[in-house]
Amino acid sequence: MKPGKFDYYCPKTVDEALAILEEVGFDGKIIAGGQSLVPIMNMRLSTPECLIDINQLKDLQFIEFDGSKMKIGALTRQTEIEMSDAVQKHLGLLSEAVPYIGHVQTRNRGTFGGSLVHADPTAEIPLSLMALGGTLHIASKDEVREVNVEDFFVTYLTTDIMPNELLTEIHIPVQEGRTGYSFHEISRRHGDFALVASACQLSIDSQDRISKVRLVLGGVDAVPLLITEANELMKGEDLSDSLLNKIADIVDEMVDPESDLHATADYRRHLAKKLAVRTVKSAYERARGENNECS
Amino acid sequence: MNGSGRITLNAGIEKAWDVLLDPQALKNCIMGCAKLETVEENKYEAVLSIGIAAVKGKYESTIEVADVQKPNHYKLIVKGEGGPGSVEATGAVDLVPIDENKTELNYTYDAEVGGKVAMVGQRMLNGVAKLIIQDFFKKFNKELEKSEQSV
Amino acid sequence: MSKVVGKRVTRVEDKRLLTGQGKYIDDIGTPPNTAHVAILRSPYPHANIVSIDYSEALKIPGVKGVVTGKDVQPLLNPFGVGVSAPVEYYPIAIDKVRYVGEPVAVVVAKNRYIAEDALEKIKVKYKTLEPLVDIERALEEGSPVLHENVGSNIANHRTFHYGDVDKAFQQADRIIKHRFHFPKYSATPVETYGIIAQYEISSDSYTVHANFHGPFILHSIMAGALKIPSNRLRIIIPKDIGGSYGIKAGIYPYIVLCSVVSRLVGCPVKWIEDRQEHLAASSSCTDRVTYIEAAVKNDGKVLGLKMKIIDNVGAYIRAPEPACLYRNHANTTGAYDIPNLMIDAYAVMTNKLPTGLIRGYGGQETYFPLERIMQMIADELEMDPADVIRRNLIKKEQFPYKTASGGVYDSGDYEKAFDLLLKTGKYEEFRKKQMEARKKGKLLGVGLAVIVEPSGSNMGYITIALTPEERRAGLPKSGCTEAATISMDPMGNVNVRISTTPSGQGHETVASQIVSEVLGIPYDKINIVAELDTATSAWSIASGSYSSRFASLGSSAVYYAAQKVKRKLIKIAAHFLQTDEGDLTIENGQIVSKKDPAKSLSIKRVVGTAHWNPLSLPEGMEPGIYETAYYTAQAEPPDDNDLINSSITYGFVADLVTVEIDPETGEIHILDYYTVHDAGRLLNPLIVDGQILGGLVHGLGGAMYEELVYDDKGQFLTGSFMDYLCPTAPEIPKITIKHIETPSPITPLGAKGLGEGNTMSAPVVIANAVNDALKPYGVTIDSLPVTPNKVWNMINRSIKQGGLS
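Chains as they are written, first to last, in the numbering used here: chain A, 748 to 1042; chain B, -4 to 146; chain C, 7 to 811.
For the record, the hints were derived by calculation from the structure and aren't laboratory data. Nothing here was measured: the structure is a model prediction, and the numbers come from that model. Be aware that a few hints might be false.
[What the hints assert, rightly or not] Keeping only pairs whose Cα atoms sit at most 16 angstroms apart, straight-line, the calculated EDC-like set for lysine to aspartate or glutamate is:
id	chain 1	residue 1	chain 2	residue 2
1	A	LYS749	C	GLU126
2	C	LYS401	C	GLU386
3	C	LYS29	C	ASP539
4	C	LYS806	A	ASP1013
5	C	LYS307	C	ASP210
6	A	LYS1021	C	GLU673
7	C	LYS127	B	GLU32
8	B	LYS65	B	ASP13
9	B	LYS51	A	GLU796
10	A	LYS749	C	ASP280
11	C	LYS314	C	GLU126
12	C	LYS408	C	GLU642
13	B	LYS70	B	GLU138
14	A	LYS749	C	GLU279
15	B	LYS51	C	GLU126
16	B	LYS53	B	ASP13
17	C	LYS719	B	GLU83
18	A	LYS752	C	GLU126
19	B	LYS125	A	GLU796
20	C	LYS131	B	ASP89
21	C	LYS129	B	ASP62
22	C	LYS127	C	ASP59
23	C	LYS13	C	GLU673
24	C	LYS796	A	ASP1003
25	B	LYS125	B	ASP105
Build out the structure end to end from the sequences listed, making use of the hints.
Next up, the structure:
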């Protein structure tokens, strides 16, 4: 449980970090909170030749609201998200999801950007961001590009980010009007990786019809899975039992979970259906203002 | 871990067969194959860097092509050992001609991972194994196209 | 001095532990030139070692040496073990590996980082063999055999007949039977194994610091393995051990390994086990299959039991196994009056981690089938499980109660404790609530379990693994000896040296309380020396921290040592005060005459005299105050009829658990956990409740979370805390603890051991509660842990078969 040998860089500015990344390329690995990376390095499942520690890049640690969207720096600690009034007010889904991540101690170190880049298919932040929508700002020595969250996750632990790039900030649109959200997760213990997790963000019109909705499931595929068909189906509809049944059927169709020690693929599939329904229902109720306390 | 799958190859069965058993193509298709040397006919020694993203292990491996029934069937037996543990996998490939330019490939695999990776990698092993195998055939179709072009 | 025994006094250990001044194995210094050990372990469950090439590893700067099985074999004997099967167990694989994680090579280097770098350079060629994982397959002909020279995978087999089992089964109205499987799980102390070992060539001796906690019978086994006289193996246990729950008894093969590595490499070596190593290759409880049959009358009375028990001891049977199979032998029938018993007991070997002590040791494996079958009897007879339990409980007037297999339950009032449980847990009320809930499609359940908690093991019980004939060939073994030494220095202050190697249970506090009460000195003025040193401490084979033996045995040794000191003080005082010893009593630091309170001497003065002016002591008396007491309770070896009182004291635990199950997801919510204990006289109720909570949560782990999982090919799958799930704070339910106290007539303070009871009871009581909740689906829980996935599978299967939906 000791890591292999590595070179250690501790840049003081983003530019310095990008210059190092450009130089070391595939041999480099960024370390932020280290809550996933350090264990896998200690187990020697990962042996990067260079570690680039970005914890000094305080410019990447912020939460801002510009009137229409929230901007969150990649180095913002998960605890800061959890405690942020602005996040609570504008991105309730994120506030609800973050306490499910690990434990207080890991959230104190773990970062918002780190969780996105690590891209664990059950992780709460990737799932929530997929439900909220947004863009990721990715910098390299020569440019900053923006990627929509839908295009960001590639597969297990793999994203669109190239070895010379650094995730700097994430912009998330804030939805006005009658909106609701919900996050549900089932895990063996509190703080464990979810067996299945479900996030939903929706808006309804004055007739209580769903105008906008994003339902996302985690733990059922190699990436957070946007249930597009269900989202399309729900648009313009009241929430009815028959609609919920249809959502469950679509989920059944779309998910492709794996078996592991803690849950069989069948059980995950079943949970995915149940959680999808629960999540949509409670998000909808919340949008109608029926139960602001529901979770 | 085991699984199966099916893909359609954009080549006739003879052509597909030749490329499948070409060591260079094999090297190009196996994810993280840094070195592949022929030891004897149908037997290779390889250095594989298998894993996903930064979670990778280096395995010194033998790859054996067995049970060859040209042009319909063969087995690929991979045995590797490295820092993170051991891998033993057997894949069976069956080719069925569809038409002159298309062949159906059916595969089944049975893989066993041992040591550290099995001990701590539980949660993603099945998914990653599937991914590596799908990646193999995806790349293989590209190899076929490449060889078409070179012809 | 007011009475302190029995008071909720805070622990004297806590100040140092909470301020970071604990002295654990990793806190004590190392000798100069100490190198660090890393161990290469087998990735295969069953394979021959063809070759090991470590030439590349030796080239890494900082590497001092690499040691393999072939190097150590000439220096070692295989470990001794108490069965007749000729299993050869070394601390490292010699030419064959038999479980994933078995040591194959040891690297010694300047630091652990370099040592681990070197591990990656060692090339081992294996020839894999067919693995054996399944317990029952181990008994079958034609299965792979782990130890060729043994010829089969059976390490031990014994059959026992007590009472008239055939008659009981003839007289039964019904025979209710089932097969149960108990999982293999671990104890996961925060501090893992740690060793500093040093070989000294000039004296051909080994000095080892290790967080080993006995039983010290294993010292003889280690010395035997090292082929040295036992006084050439000095083992020193640090003052603080960061938890164990039994598992640190299993460190001893590594003590031998590190010792011999130190000798071969020529420098002191240090090894701190990492968490992966701990999960894969330290020790665990056995997994066990039990076939249980109960001969039952229609009124719920159980006339007799038949059990076939197959304990899986892993790849090698190692001492003290097969103790897990027999530790609860005397209390096989639990809290019930069942005089007819047949046991067919096997210990088998498979390609899994070898087993050993884990809190509860055999108790959870014993009570899971027993208490499940009691609930099944109730279900089958359509009786309330509480009534079935009550019908069979041993009555107060039957104590001391002799069990079918030779146990002597020293004291108890099981009915009173059980009634208290039902009342505290509002059993009747919950049953009504449950009926209402079922109508609404909600799944509520309540489980009951009553168990007898043995404490203070009789060292003779392990020999029940041998037949009476085999036993006659050797020396009989008995007793449960523990020792303590109390000295008073020239200024009259007290030092107490104990040999119970505490691992967090508060022995120092309780020893202080006892000495304080006997000698009339404030308990926080007493210095307890908890370090055990086999070269300088008073100890014996039974010494150590296991089988909940401190309250029954350790505390008794302290008590008798204090009594010896007291007698000497009084004798000296009587001499000076010119009165009878019987006239004197100790009060507030003074020795006072009862007849004439004006006549008194301070303890300080009395002790001072023994040191400063020994010539004035009564004639023939030795100077100084230094008294050691060795204590054993009556603990006979097994007799020719295989009757054995395997423990000294027997407490009682009754549990009531209520659960709610989400029928959609299978999630289990424990609503309430009530537990009633009778552990005789409680020495420190604060510590007692802490012990109960810890033991209970460990049991909760076994019930719902923890399992060392191997796949059907023998690969080990739970090598980190990501997959080996210990309950954490949010998983702990609401727990209500109640006590009754029926003092033990055996121990001088009336105390019994405690702390393992709920580890034994929690797995089954939770299973009973979950099964009760799922009763509408007609399912039977017969394996653990019970997980949401399993619950959902059961519900789902039942619905598919046309059951309730």
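These are the hints, each one checked on the structure:
Proposed proximity of A:LYS749 and C:GLU126 is supported: the alpha carbons are some 12 angstroms apart, at most 16 angstroms. Our distance criterion of 16 angstroms between C-alpha atoms is broken by C:LYS401 and C:GLU386, whose separation comes to about 25 angstroms. A distance of roughly 15 angstroms separates the Cα atoms of C:LYS29 and C:ASP539; the hinted pair therefore holds under the 16 angstroms criterion. For the proposed pair C:LYS806 and A:ASP1013, the alpha carbon gap of about 14 angstroms is at most 16 angstroms, so the pair holds.
Simply put, C:LYS307 and C:ASP210 have alpha-carbon atoms about 63 angstroms apart, too far for the 16 angstroms limit, and the pair is violated. With a C-alpha separation of about 13 angstroms, the suggested pairing of A:LYS1021 with C:GLU673 holds against the 16 angstroms cut-off. Pair hint C:LYS127 plus B:GLU32 does not hold up; C-alpha atoms about 21 angstroms apart against a cutoff of 16 angstroms. Between the alpha carbons of B:LYS65 and B:ASP13 the distance comes to roughly 9 angstroms, so the proposed pair stays at or under 16 angstroms and holds.
For the hint pairing B:LYS51 with A:GLU796, the CA-to-CA distance comes to about 13 angstroms; that is within 16 angstroms, so the pair holds. Distance restraint check for A:LYS749 and C:ASP280: the Cα-Cα separation of roughly 9 angstroms lies within the 16 angstroms cut-off, and the hinted pair is therefore satisfied. Using a Cα cut-off of 16 angstroms, the hinted pair C:LYS314 and C:GLU126 is violated, with the two alpha carbons roughly 45 angstroms apart. The suggested pairing of C:LYS408 with C:GLU642 holds, with an alpha-carbon distance near 14 angstroms, which does not exceed 16 angstroms.
Distance restraint check for B:LYS70 and B:GLU138: the Cα-Cα separation of roughly 19 angstroms exceeds the 16 angstroms cut-off, and the hinted pair is therefore not satisfied. Taken as a hint, the A:LYS749 and C:GLU279 pair is honoured in the structure, with Cα atoms around 12 angstroms apart against an allowance of 16 angstroms. A C-alpha spacing of about 14 angstroms is found between B:LYS51 and C:GLU126, which places the hinted pair at or below 16 angstroms, so the restraint holds. Restraint check for B:LYS53 and B:ASP13: the C-alpha separation of about 28 angstroms exceeds 16 angstroms, so the hint is violated.
Under the criterion of a C-alpha separation no larger than 16 angstroms, the hint pairing C:LYS719 with B:GLU83 is consistent with the structure, at around 12 angstroms. This hinted pair checks out: A:LYS752 and C:GLU126 have alpha carbons roughly 13 angstroms apart, not beyond 16 angstroms. A distance of roughly 28 angstroms separates the Cα atoms of B:LYS125 and A:GLU796; the hinted pair therefore is violated under the 16 angstroms criterion. About 32 angstroms separates the Cα atoms of C:LYS131 and B:ASP89, which puts this hinted pair outside 16 angstroms; it is violated.
Proximity of C:LYS129 to B:ASP62 is assessed by CA-CA distance (about 30 angstroms); at most 16 angstroms being required, the pair is judged violated. Annotation: proposed proximity of C:LYS127 to C:ASP59 holds, straight-line Cα distance about 9 angstroms (limit 16 angstroms). For the proposed pair C:LYS13 and C:GLU673, the alpha carbon gap of about 41 angstroms is over 16 angstroms, so the pair is violated. For the hint pairing C:LYS796 with A:ASP1003, the CA-to-CA distance comes to about 20 angstroms; that exceeds 16 angstroms, so the pair is violated.
For the hint pairing B:LYS125 with B:ASP105, the CA-to-CA distance comes to about 11 angstroms; that is within 16 angstroms, so the pair holds.
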